[in-house]
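Using the sequences and the accompanying hints, generate a full structural model.
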Amino acid sequence: MSTTIEVGVDRGLATLVLTRPERKNALTAQMFAEMLEALASLRRDSTVKALLLTGAGGDFCSGGDLGSMQGAVEADAVRTRMVENNRLLSALADFDRPVIAAVDGVAFGAGFSLVLAADFVIASQRARFCMAFARVGLAPDLGASYFLPRIVGLQKAKQLIYSAAEINAEQALALGIALEVQPAELLLSRAEELARGMANMSGCAFGMTKRLLARSFETDLATQLDAEASSQAVAMSSSYLQQATARFASKQPPLYQWPLARPSSK
Numbered sequence: 003m004s005t006t007i008e009v010g011v012d013r014g015l016a017t018l019v020l021t022r023p024e025r026k027n028a029l030t031a032q033m034f035a036e037m038l039e040a041l042a043s044l045r046r047d048s049t050v051k052a053l054l055l056t057g058a059g060g061d062f063c064s065g066g067d068l069g070s071m072q073g074a075v076e077a078d079a080v081r082t083r084m085v086e087n088n089r090l091l092s093a094l095a096d097f098d099r100p101v102i103a104a105v106d107g108v109a110f111g112a113g114f115s116l117v118l119a120a121d122f123v124i125a126s127q128r129a130r131f132c133m134a135f136a137r138v139g140l141a142p143d144l145g146a147s148y149f150l151p152r153i154v155g156l157q158k159a160k161q162l163i164y165s166a167a168e169i170n171a172e173q174a175l176a177l178g179i180a181l182e183v184q185p186a187e188l189l190l191s192r193a194e195e196l197a198r199g200m201a202n203m204s205g206c207a208f209g210m211t212k213r214l215l216a217r218s219f220e221t222d223l224a225t226q227l228d229a230e231a232s233s234q235a236v237a238m239s240s241s242y243l244q245q246a247t248a249r250f251a252s253k254q255p256p257l258y259q260w261p262l263a264r265p266s267s268k
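When we follow this note's numbering, the leftmost residue of the sequence shown carries the number 3, and every step to the right adds one.
Calculated from the structure, these hints are not laboratory results.
Quick caveat: nothing in here was measured; it's all calculated off a predicted structure.
One or more hints might be untrue.
[To be verified] When the alpha-carbon atoms are kept at most 20 Å apart in a straight line, the in silico EDC-like pairs for lysine to aspartate or glutamate are as follows: (1) K158 x E172; (2) K158 x E168; (3) K160 x D143; (4) K212 x D121; (5) K212 x D47; (6) K212 x E230; (7) K212 x E187; (8) K212 x D96; (9) K212 x D222; (10) K212 x D98; (11) K253 x E230.
[Stated by the list, open to error] Per label pair, the in silico range of CB-to-CB distance: (12) N202 x S239: 17 to 25 Å; (13) Y258 x E230: 15 to 23 Å; (14) Q245 x E24: 44 to 52 Å; (15) D12 x F219: 22 to 30 Å; (16) G155 x Q244: 37 to 45 Å; (17) T49 x M84: 32 to 40 Å; (18) E230 x E24: 42 to 50 Å.
Note that beta-carbon positions come from the ideal geometry of N, C-alpha and C, so glycine has one too.
Here it is as structure tokens:
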């Protein structure tokens, strides 16, 4: 059976590439299964410090492959399939190391949803984003209705979903969907630079911080403060803190600094 993704690990950086360029990397059941298996394997690999997610052939992902879904439109069958697909989204959103999406070309429908689940998005100047669901009479899925309002605000999320309008890379940057916009030829190198730079973070602290931020929208202040206290108790007892403190005392460079930012290209 042919594979629909490529996965590699190089010096701590895992790369997951969607490889159906002839279909603009449209998602199929096989693709969901292979991606879920890959994420589980990468999470078990302690040498992996960051994950780069991208697509082959000049596009990120055009969404679900509607052609492959024909014949499975009964409500029960659709719900069963969606529940299974959601396992991938949960695995991506809960991945306990930095996830950087490098977006070239289209990120439409469910492809856009995958982008929103990443920690950071680097877009090429030719990237286009679209909540395309309404164009074919579908509701948003793969967490789009969860992540998009949190990133752009409820009213703007409604506009993007109801209108199914495309936005370009600069618009995505202005809305906070993209962190940076780069020329297409620099997209992967910049995304890799960001991912590798973040690999020097404390993995323990990053995982806990990611969970704290994700839960902050659903908890009250008292609950959040308690969760912070528990996380800090773990972080304070880590060997990473001891090393970082020793380096500070000896006036050595810190173990971790945010990767040098490149200004977004116009």
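So, going through the hints one by one against the coordinates:
| no. | hint | in the structure |
| --- | --- | --- |
| 1 | K158 x E172 | 16 Å, holds |
| 2 | K158 x E168 | 13 Å, holds |
| 3 | K160 x D143 | 14 Å, holds |
| 4 | K212 x D121 | 9 Å, holds |
| 5 | K212 x D47 | 19 Å, holds |
| 6 | K212 x E230 | 11 Å, holds |
| 7 | K212 x E187 | 30 Å, violated |
| 8 | K212 x D96 | 8 Å, holds |
| 9 | K212 x D222 | 17 Å, holds |
| 10 | K212 x D98 | 7 Å, holds |
| 11 | K253 x E230 | 29 Å, violated |
| 12 | N202 x S239: 17 to 25 Å | 20 Å, holds |
| 13 | Y258 x E230: 15 to 23 Å | 20 Å, holds |
| 14 | Q245 x E24: 44 to 52 Å | 48 Å, holds |
| 15 | D12 x F219: 22 to 30 Å | 35 Å, violated |
| 16 | G155 x Q244: 37 to 45 Å | 41 Å, holds |
| 17 | T49 x M84: 32 to 40 Å | 33 Å, holds |
| 18 | E230 x E24: 42 to 50 Å | 48 Å, holds |
In summary, the numbered hints that this structure violates are 7, 11 and 15.
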